[in-house]
Structures are given as C-alpha cells and as structure tokens.
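What follows is the residue order along each chain.
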Amino acid sequence: MTAKKRFLRAVNFLFIVLIAVQFLPNSELKEDNGIYVIWFSLIAEAAVILVSLISKKEQGLNLFSDIISFLYALLILWTIASAKSDILDKALFPPPGDVFRQFIEDISKILLNIGSSLAIIVQGYLLALVIEIPLGLFLGYSVRLGNAATYISKFLGSIPPIVYIPYGIALLPTFRSVSVFVIFLASFWPVLSGTMSGVLNVDKRVIDSARVLNVGKFSMLFSVILPASLSEIFVGCNQGLSVSFILLTSAEMIGANSGMGYYVKNYSDFGDYTRTIVGLLVIGIVVVIISFLFNKLQRFFLRYKR
Amino acid sequence: MSTIEINNLTVDYVEKNKNFTALKDVSFKVNSGEFVSVIGFSGCGKSTLLSVLEGINPPTDGSVLIDGKPVVGTGTDRGVVFQHYSLFPWLTARKNVAFGIKQTQKTLSKAERMELADSFLDKVGLTKFKNKYPSQLSGGMQQRVAIARALAMDTEILLMDEPFGAIDAVNRTALQELLLELWEESRKTVVFVTHDIDEAILLSDRIVMMTASPGRVYKEINVPFSRPRNRVQLVQTQEYTTFRNSIISYFYNDITGRIGGEEVVL
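Residue numbers (my numbering), protein chains in the order written: chain A, 696 to 1001; chain B, 4 to 269.
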C-alpha cells in the first residue's frame, strides 16, 4: 500500500469535520461538553493512525476505517442536530458530549451493574452448558430417547422463557436466583437441541471408524461424538447466549435493583435520557465484546477446519 | 498372525421395507500372514464383506471365524483403513495415531504413545507433517496417516477397504509401494478390497473375485509372482500380461453370460 492509500482516507477527513463542528457556537447558552467528543475522537483517530501504520492487509484497514467513518458521521450529525441547532428535542436527545461526560462520571456505577448482570448470565449459562451438553450427547446418541426428546423439547422450547418469570418469582427466594433460573431455561433449549442435532448429524463414517478402533462407550461420547458435533453445539450455545442477554435485561427492567437493564429503566423513569442513552450504548458494547470473545473461543476449538 | 475363515456368509439388508441380499453364501479362507485382495465391480458386496469382518455389520447367516472364534462386533485384533474418514478431523496426524495406539495398548503412558506414533509417522514419511490436521494434508498423506495408525495399533489383521480408491494415480503408486514395504516387514494377515486389477496383482498372494446381485465369490486365483515384487519389471513380463488378461476375461465372461437376463451395473 502506498502512503497515500494508507493515510488519505475519508475517515481522516471526517475526523477534521467532527472536530471543527465542535467549535461551532451552541444553539442556546448552556454548558458545552464538546471537549468530551474531541477527546473521544482523538482516541479513535489515534487508533485509526495506528492501524494504518501496522495493517498489512488493505481489506482489514478498509473495514476498520469504514466503521470509524460511520461513527464519525453519526457523531457529526448528532452534534449538529442536538447541540448546534434545535432540530432535536434537548431533553430526549442529549448531545453526544453530555453522553460521554455522563459515561465517565458514572463509570464505576456502570461497571458494578455490568458485573452484576454478567455474574447472573455466567451462572445460568454455565449451569445450562454443564447439564445440557452431556445430556444432549446422550439423548442424541440413543435413538429412541432422542426421538422422544426432540418432540418434548420442541414443545417446551416454544414457550418464551420470559413467561417463566412470575412462576420463578413464586418458586425462588431472591430476584437473583430467579434470574439465574430464567437464564438457565433460556439457554437450555437452544443448547440441548443444538447438541442433539449435532450428534444426529455426525457422519456415519466417522462413527464407523471409531467403532473399528474399538473405543469404549465413554470415549465414543466424549472423544468422538462431542468433537464431531462441536460446530452445531456452538451454534446452539451462540443462540443461547443471545437469548440470555435479551432475557436478563428484560428481567432486570421488571424487578431488579442492579444490572444494566435496571440502569436503563431506572433513569428513563426519572426522565434522565442522557443516562438512558449511556446505558443503551454500554449494553451494546458489552454484547459486542462478549460475542467477539465467544467467536474467538469458537475459532480456537474449531481450528482444525481450514 | 491370525487366520480368517468365512463360511457360507449371507448378509441381507432391509432398505425401504424391501429385503436386499448383499452377500450370498460367500466362503473363503485367508491364511495366517497372507495378503488377499477382494476385487469386483461396485455393488458386488465387497465392502459389505469387509464390514462384516470389521464387526460393523453382523452376518445374517453363516459365520466369520478369526482363529476359529466367531467375530462378534469390533475388536482390537483388527486394524482398519477406509477409503474416507479413517482419521478424526479434529485431531492432528500424531494424535490420530496416538488415539489408535491408546485403544490397543492401554498400558503405555502418554509419552510412550506419542513416541510410538512419531516412529510410525516417520515410517510413512510424514514426520514433518505430524502436527497438521487432516484438512491440511492431501488425500494421499491422510491415507499414509491412516496406514501408520493401523500398523501402530499392532493388530494381527489389517482390513483395507479401497484405501487408495480416491487417490490420484501417481500417489497411488507410491502408496502401494509403501504398503508392500511395510507389509514385508510385519507380514500381517491382510484383506484388501479394491477394484483395481493391477493393484490387486502387485500386492496380493491371492485374489478373490466377486460378482454382483447377489454378491458371491466367483473365483479365487493365486498370484504366481515371487516376492519382493518390482512393479516396473513385473509389468513388462509376458506372464504378467497373460495373468492380467485372464482375470479380465473372467469378469468379461461373467458379465456377458448374464447380460441377457439381468441388468448389469459396472
């Protein structure tokens, strides 16, 4: 790549525009938090320059700079529409500078809430994986039980797990345990049916070649069938994870006093839409990071596939 | 080494509620340390025959005896190489071999298994590729790993189901030479299924010819060439040509004899 190709990019132009826009006069006299947008865009731009310098593949650089361009463009429009003019209602659409500032002020509170949400997800989700994957392997491998289980899981899996919440509240002592229970149920069916269908789709030739090696039942399940069905198990786990997030945040909005769903719901009840937007963005970022890590894990486990 | 005795073996399949006879009254014997090839057209039941020897399919009638004992299910006395999917795609070449060793030599430690795996991968010329996954190896290399595993398992019997059927001609030649060389070292009892007449002549002591619908033994024939065999010299001799032609004409006669009445699928 030539230096021109590396550095003369739309993203850098948008960066300059974004900075310039911050210096326009505000539409009404109120505190100006444009400096927070400038700081944010400086960090983003530093990342762009760093990636431009070290990136070897043009494709990767293009993707990264396109994403940042999109972000810059959004921030430019958002700044103009909220801080620099009266296009958007100030109470409902706080300017980006306010949002960044609020995020920094609330960071410790946000981290606590993220921690509380993640702890619940991890408990419910891991519980589901530990129970469901071996059960799915066993049910998928045993033809008769598997057939029955497929129908039962179709019925039970079609019940949206959120409707278990009232019953869960009656059954279990704390909101936390109800949440873990609901996450467990939410990931239960995707993981179970993913595992079962993975097992059912294992190539017969793979099973035959394991049989002629005379492997025992245990080895057959865990050293052959499990790795052979791993990609479909991952599909199920992925579904389970996204359903878990949807459910947990919904549950937190109903009855929790901590967690990201609670943060959003609580502040929107008070009409604090700056914090509401902060909460929405943070949830998005957390989910993106988790799915990124999950993908890495999946790639590691399925690295034998070219 | 072990002997294999197949007596009046009949295998029926039920497919879409229809009974289908894959093998009918198949009988032959494989002596200890003998290399026997089974040849025939597709659908003659040669792979079904091997699956009964492997213990994957049970006989409907008749029996298969190994050293006088009937075969019940799979066993560690038999090593198998398939045409496809002998290896587990999620294990490296080395771990695939070590996994096989683990099934037959349970007393070995992990380090000993790995060492043994390495030595067999070296024999098939894959030391450099031992940490590659099957998807990163060519078809020929994959079959080398499968052979290494079957040999490393140190079974008395080796069953091979068209192991070189999907390999290109050049690599197939190399694999045949390799197999011959390794077999000369170990002299295991081998049943080798193929549809390649030259391959069968080069490798075997005896050739069992099968014919289709239902699958049965048509003729057994001893290969009259002394070992060790040199492919290049062998194919130039008149004896080779005559022998090869006789096998082809057996098949040809069989087909023309049946062509009026039944449908023949080549």
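Honestly, the hints are just simulated from the structure, not real lab data.
Misleading hints may appear alongside valid ones.
Claimed, not checked - Below, computed lysine to any residue pairings styled on SDA-like, alpha-carbon distance capped at 25 Å:
id	chain 1	residue 1	chain 2	residue 2
1	A	K752	B	Q139
2	A	K899	B	G78
3	B	K109	B	V75
Said to hold, decoys possible - Listed next, with one range per pair, are the computed distances between beta-carbon atoms:
id	chain 1	residue 1	chain 2	residue 2	range
4	B	A169	A	K1000	16 to 26 Å
5	A	L997	B	V75	32 to 42 Å
6	B	D70	A	S853	25 to 35 Å
7	A	R998	B	K113	13 to 23 Å
8	B	S138	A	S853	44 to 54 Å
9	B	A169	A	L807	58 to 68 Å
10	B	A169	A	N896	39 to 49 Å
Claimed, not checked - If you want the footprint, here are the derived chain B segments under chain A, 3+ residues with CB under 8 Å:
id	region
11	32 to 40
12	55 to 66
13	84 to 94
14	98 to 109
As the structure is a prediction and not an experimental result, all values here were calculated from the model.
From the three backbone atoms N, C-alpha and C, an ideal C-beta is built for every residue, glycine too.
Check your understanding: Should the hint that A/L997 and B/V75 are 32 to 42 Å apart at their CB atoms be regarded as holding?
Key -> Once the Cβ atoms are compared, 37 Å apart, the range 32 to 42 Å for B/V75 and A/L997 holds.
For a C-alpha distance cap of 25 Å, please report whether B/K109 and B/V75 respect it. Satisfied, since the Cα-Cα distance of roughly 21 Å is no more than 25 Å.
Is 13 to 23 Å right for how far apart the beta carbons of A/R998 and B/K113 are? holds, 21 Å
**Request:** Using the Cβ atoms, figure out if B/D70 sits within 25 to 35 Å of A/S853.
**Result:** Violated - the Cβ-Cβ distance for B/D70 and A/S853, about 56 Å, lies outside 25 to 35 Å.
Quiz item: For the region 55 to 66 of chain B, does the count of residues with a C-beta closer than 8 Å to a C-beta of chain A reach 3?
Solution: Contact hint for the region 55 to 66 of chain B vs chain A: holds, 3 residues under 8 Å.
Just to make sure I understand the rule, a stretch counts as covered if three or more of its residues have a C-beta closer than 8 Å to a C-beta of the chain. Does the region 84 to 94 of chain B meet that for chain A? holds (count 9)
When you take the CB atoms of B/A169 and A/L807, is the distance between them in 58 to 68 Å?
For B/A169 and A/L807 the Cβ distance comes to about 60 Å; the hint holds.
Distance restraint evaluation - B/A169, A/N896, Cβ atoms, bounds 39 to 49 Å
violated, 22 Å
Please verify the coverage claim for the region 32 to 40 of chain B: does it have three or more residues whose C-beta sits within 8 Å of some C-beta in chain A? violated (count 0)
Restraint check for A/K752 with B/Q139, where alpha carbons must lie at most 25 Å apart: holds, 23 Å
Discussion item. Tell me if the straight-line CA distance from A/K899 to B/G78 falls inside 25 Å.
Written reply: Satisfied, since the Cα-Cα distance of roughly 18 Å is no more than 25 Å.
Checklist line | Consistency of beta-carbon spacing, A/S853 to B/S138, with hint 44 to 54 Å | finding: violated, 37 Å
Hint compliance for this structure: hints 6, 8, 10 and 11 are broken, all remaining hints hold.
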